[in-house]
Amino acid sequence: MRQSIQRKLPLFVTTLLLAVTIALLTIGYGEVRQASRALSDKRLQLADSVLAALLQTSQQRARITTLAKDSAIVAFLRSGGQRGRAQALAAMRRITNDTVTNASLELRDFSGRLLLRTGRFTLADSVLVSPGTDSARFGPLLRRDTLLYFGVAAASGHAEHDGGIVQQVARLQLNDRTRRTLTGLAGGDVSLLFGDAAGDPWTDFATIVPTPPERVRTSATAMNYDRGETKRGIAKAVLGTPWMVVAELPSRVILAPARGYLLSMAPIAALIVLVGALAAWWGSRRITTPLVGVTHAAEAIASGDLEQRVPAGGDDELGRLARSFNTMAEQVSRSHHQLEAQVAQRTQALEGINAELESFSYSVSHDLRAPLRAIHGFARILLEDHNAQLEPEAQRLLGVIDQNTRRMGQLIDDLLAFSRLGRTEIVTRPVDMKELTQLVADEIQRGEAGRNESLEIRIDPLPPARGDRGLLRQVMSNLLQNAAKFTRDRAKARIEVGSQPDAGQTAYYVRDNGAGFDARYADKLFGVFQRLHSTDQFDGTGVGLAIVKRIVQRHGGRVWADGKVDEGATFYFTLPGEER
Amino acid sequence: MHGGVDILLVEDNANDAELTLRALKQRNLANQVHVCRDGAEAIDFFSGGAGPVPKVVLLDLKLPKVDGLEVLRRLKQDGRTKSIPVVVLTSSREEPDIERAYALGANSYIVKPVDFEAFARAVSDVGLYWVLLNHPPQ
Numbered sequence: 001m002r003q004s005i006q007r008k009l010p011l012f013v014t015t016l017l018l019a020v021t022i023a024l025l026t027i028g029y030g031e032v033r034q035a036s037r038a039l040s041d042k043r044l045q046l047a048d049s050v051l052a053a054l055l056q057t058s059q060q061r062a063r064i065t066t067l068a069k070d071s072a073i074v075a076f077l078r079s080g081g082q083r084g085r086a087q088a089l090a091a092m093r094r095i096t097n098d099t100v101t102n103a104s105l106e107l108r109d110f111s112g113r114l115l116l117r118t119g120r121f122t123l124a125d126s127v128l129v130s131p132g133t134d135s136a137r138f139g140p141l142l143r144r145d146t147l148l149y150f151g152v153a154a155a156s157g158h159a160e161h162d163g164g165i166v167q168q169v170a171r172l173q174l175n176d177r178t179r180r181t182l183t184g185l186a187g188g189d190v191s192l193l194f195g196d197a198a199g200d201p202w203t204d205f206a207t208i209v210p211t212p213p214e215r216v217r218t219s220a221t222a223m224n225y226d227r228g229e230t231k232r233g234i235a236k237a238v239l240g241t242p243w244m245v246v247a248e249l250p251s252r253v254i255l256a257p258a259r260g261y262l263l264s265m266a267p268i269a270a271l272i273v274l275v276g277a278l279a280a281w282w283g284s285r286r287i288t289t290p291l292v293g294v295t296h297a298a299e300a301i302a303s304g305d306l307e308q309r310v311p312a313g314g315d316d317e318l319g320r321l322a323r324s325f326n327t328m329a330e331q332v333s334r335s336h337h338q339l340e341a342q343v344a345q346r347t348q349a350l351e352g353i354n355a356e357l358e359s360f361s362y363s364v365s366h367d368l369r370a371p372l373r374a375i376h377g378f379a380r381i382l383l384e385d386h387n388a389q390l391e392p393e394a395q396r397l398l399g400v401i402d403q404n405t406r407r408m409g410q411l412i413d414d415l416l417a418f419s420r421l422g423r424t425e426i427v428t429r430p431v432d433m434k435e436l437t438q439l440v441a442d443e444i445q446r447g448e449a450g451r452n453e454s455l456e457i458r459i460d461p462l463p464p465a466r467g468d469r470g471l472l473r474q475v476m477s478n479l480l481q482n483a484a485k486f487t488r489d490r491a492k493a494r495i496e497v498g499s500q501p502d503a504g505q506t507a508y509y510v511r512d513n514g515a516g517f518d519a520r521y522a523d524k525l526f527g528v529f530q531r532l533h534s535t536d537q538f539d540g541t542g543v544g545l546a547i548v549k550r551i552v553q554r555h556g557g558r559v560w561a562d563g564k565v566d567e568g569a570t571f572y573f574t575l576p577g578e579e580r
Numbered sequence: 001m002h003g004g005v006d007i008l009l010v011e012d013n014a015n016d017a018e019l020t021l022r023a024l025k026q027r028n029l030a031n032q033v034h035v036c037r038d039g040a041e042a043i044d045f046f047s048g049g050a051g052p053v054p055k056v057v058l059l060d061l062k063l064p065k066v067d068g069l070e071v072l073r074r075l076k077q078d079g080r081t082k083s084i085p086v087v088v089l090t091s092s093r094e095e096p097d098i099e100r101a102y103a104l105g106a107n108s109y110i111v112k113p114v115d116f117e118a119f120a121r122a123v124s125d126v127g128l129y130w131v132l133l134n135h136p137p138q
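Chains as they are written, first to last, in the working numbering: chain A, 1 to 580; chain B, 1 to 138.
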């Protein structure tokens with residue numbers, strides 16, 4: 001699938017929005033939760049304090065303290081239970097009568113011995129109070145079936161044998177009304193628990209409840225724990241008693257605001273993400289649609305359709321891009337048309353020149369040769385038909401005319417051949433260079449049959465080439481003819497044809513041991529009509545090597561030569577090798 | 001109007017015509033040669049219809065008035081003349097000329113050598129072949 005900004009941009013923006021929204025929600029949720037926790041903790045602490053204060057200053061305490069100071073009681077206890085029994089009992093009844101929570105009231109000496117008792121209920125362990133203690137003391141909670149009791153005792157008198165203990169066993173009033181009253185006092189959802197700091201039993205003021213975990217009871221800060229559901233509670237010791245209160249709230253109540261926050265914010269967040277995604281998609285389309293248009297147009301132009309344009313949009317960057325693009329396309333198109341027109345014009349001009357050149361060659365070929373043939377023909381006729389009337393000098397001069405017209409004819413032929421080379425089409429095929437060279441060499445040997453000295457032509461194995469066979473044959477022929485010509489005065493003429501690698505191509509070479517040449521003039525060798533030897537020494541028009549150069553160049557190859565005067569010459573040419 | 005004609009030479013260049021005739025004379029073929037100096041003359045030569053039929057036409061290409069290829073085209077188009085052998089004898093060795101000449105039905109195409117001996121040999125060989133050796137339809 002193609003990479004597309006149109007798809008990637010909205011995806012990126014949506015992901016970003018989603019991440020930001022989720023982060024914000026999480027942070028907000030955390031903050032709300034923390035705040036409502038702190039608030040709940042404050043409430044719990046407050047409820048704890050209120051309850052603890054209530055319990056601390058309960059009526060029983062005041063009553064017992066008052067009773068311990070009653071003169072009848074004091075007298076009875078001072079007498080060690082011997083005197084004033086009736087008065088003491090009356091005083092005790094005054095107190096016990098107006099309270100429904102009273103289980104029993106007893107008078108003991110400081111060693112704990114029971115002296116007098118009203119009511120049947122008695123504690124296994126009395127609340128021991130030291131002599132001289134000012135206020136009453138509470139004892140631990142005691143459970144009997146579904147009822148809870150506790151002792152409260154006060155000292156009467158200041159010395160061991162000068163007083164005793166007044167102790168009441170009170171029943172804790174457990175009913176739903178109490179519980180509801182307390183809960184209402186603490187503000188609704190708060191549950192208030194009350195119990196022994198050391199352990200069992202515990203109550204919620206309506207029923208006996210399981211004891212809160214120890215870690216709650218021993219911790220000064222709020223703790224979470226599981227009691228039917230997850231709760232958060234704070235414990236507080238009731239000063240001057242072995243009791244403890246715990247105020248607790250269900251976590252669900254504490255977290256309700258946070259949950260409420262989430263519930264109210266989530267749809268808003270979802271809406272924000274949705275709107276953001278849509279906006280990103282729309283914005284991306286708005287930006288990328290013109291870009292897609294420009295891209296398509298650019299691709300079309302790149303593939304040759306120069307008339308492609310894009311609709312020019314608004315005044316923003318995209319509109320400017322579209323307009324700049326159109327201007328650019330316009331310029332490209334215009335220059336392209338100009339170039340095409342120029343090329344057409346030049347081609348036409350070139351074709352005209354070419355046609356002129358062709359008709360020029362034609363004229364040269366036809367019109368130059370005709371007079372030459374006449375000169376030669378009539379000179380020959382003079383020599384043949386009127387030989388007897390001609391002096392030897394006249395005959396010699398006619399011979400010169402004869403020779404030069406022949407040479408001129410050869411020159412014209414060579415020149416025409418050379419100019420034709422530029423126009424003939426090259427048809428490349430794989431060419432067996434070894435076989436082709438052998439053919440040419442045999443031809444040369446036949447042509448040189450008349451020479452006095454021996455001519456040896458050695459042909460090494462040659463790699464195949466790719467080229468126009470006819471033209472390559474002419475290259476080989478010209479080079480071998482050259483070599484044969486310049487070795488004509490050698491006693492043992494020797495021509496070698498071989499090849500060597502040259503910069504990734506194959507360089508073919510023709511080496512001879514002939515007259516050679518001065519290396520300083522090597523660059524003149526391949527010019528038209530350039531000759532390094534006089535015609536007296538070696539005949540020729542000076543076109544052969546120019547033809548070689550032109551053919552090789554038209555094949556995409558190079559020609560060069562090296563040599564030394566009297567030591568022979570080597571002619572090299574490269575051809576694009578046979579493709580494998 | 002013509003006597004017996006073996007060879008019709010269409011050649012505008014007087015020198016070439018003279019050299020050709022000389023070469024033919026050496027083989028005793030020059031007696032029955034008629035020379036036309038341009039293409040129009042050559043066409044006129046055949047237009048009478050009743051004239052003698054040459055055994056061969058030696059046709060130059062570059063001719064005044066009507067050029068050699070046009071003459072060739074007309075000869076080969078005309079049912080009465082199309083079987084007359086036409087040998088193009090020209091200085092042009094241009095490939096397009098050669099191709100067009102053969103396409104129009106030339107029987108042979110010979111490039112005039114500059115060298116006189118070679119020229120004379122070529123002309124006399126052509127004359128010998130077409131006049132003495134070749135058998136045209138009767």
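Calculated directly from the structure, the hints in this document are not laboratory data. All C-beta atoms, glycine included, are put in the ideal place defined by N, C-alpha and C. One or more of the hints may lead you astray.
[What the hints assert, rightly or not] Computed, partial: chain B to chain A, Cβ under 7 Å:
hint, residue
1, Leu19
2, Gln26
3, Asn28
4, Gln32
5, Val114
6, Asp115
7, Phe116
[To be verified] Below, computed lysine to aspartate or glutamate pairings styled on EDC-like, alpha-carbon distance capped at 20 Å:
hint, chain 1, residue 1, chain 2, residue 2
8, B, Lys82, B, Asp115
9, B, Lys65, A, Asp367
10, B, Lys62, A, Glu356
11, B, Lys25, A, Asp385
12, B, Lys62, A, Asp367
13, B, Lys25, A, Glu384
Tested hints:
1. Leu19: 4 Å, holds
2. Gln26: With Cβ-Cβ at 10 Å, over 7 Å, it is violated.
3. Asn28: 17 Å, violated
4. Gln32: 22 Å, violated
5. Val114: 3 Å, holds
6. Asp115: 6 Å, holds
7. Phe116: For B:Phe116, the interface hint holds, since the closest Cβ of chain A sits about 4 Å away, which is under 7 Å.
8. B:Lys82 x B:Asp115: 32 Å, violated
9. B:Lys65 x A:Asp367: Measuring from Cα to Cα gives roughly 17 Å; hence the hint holds.
10. B:Lys62 x A:Glu356: 17 Å, holds
11. B:Lys25 x A:Asp385: 14 Å, holds
12. B:Lys62 x A:Asp367: 9 Å, holds
13. B:Lys25 x A:Glu384: Satisfied, since the Cα-Cα distance of roughly 15 Å is no more than 20 Å.
This entry does not satisfy hints 2, 3, 4, 8, going by the numbered hints stated previously.
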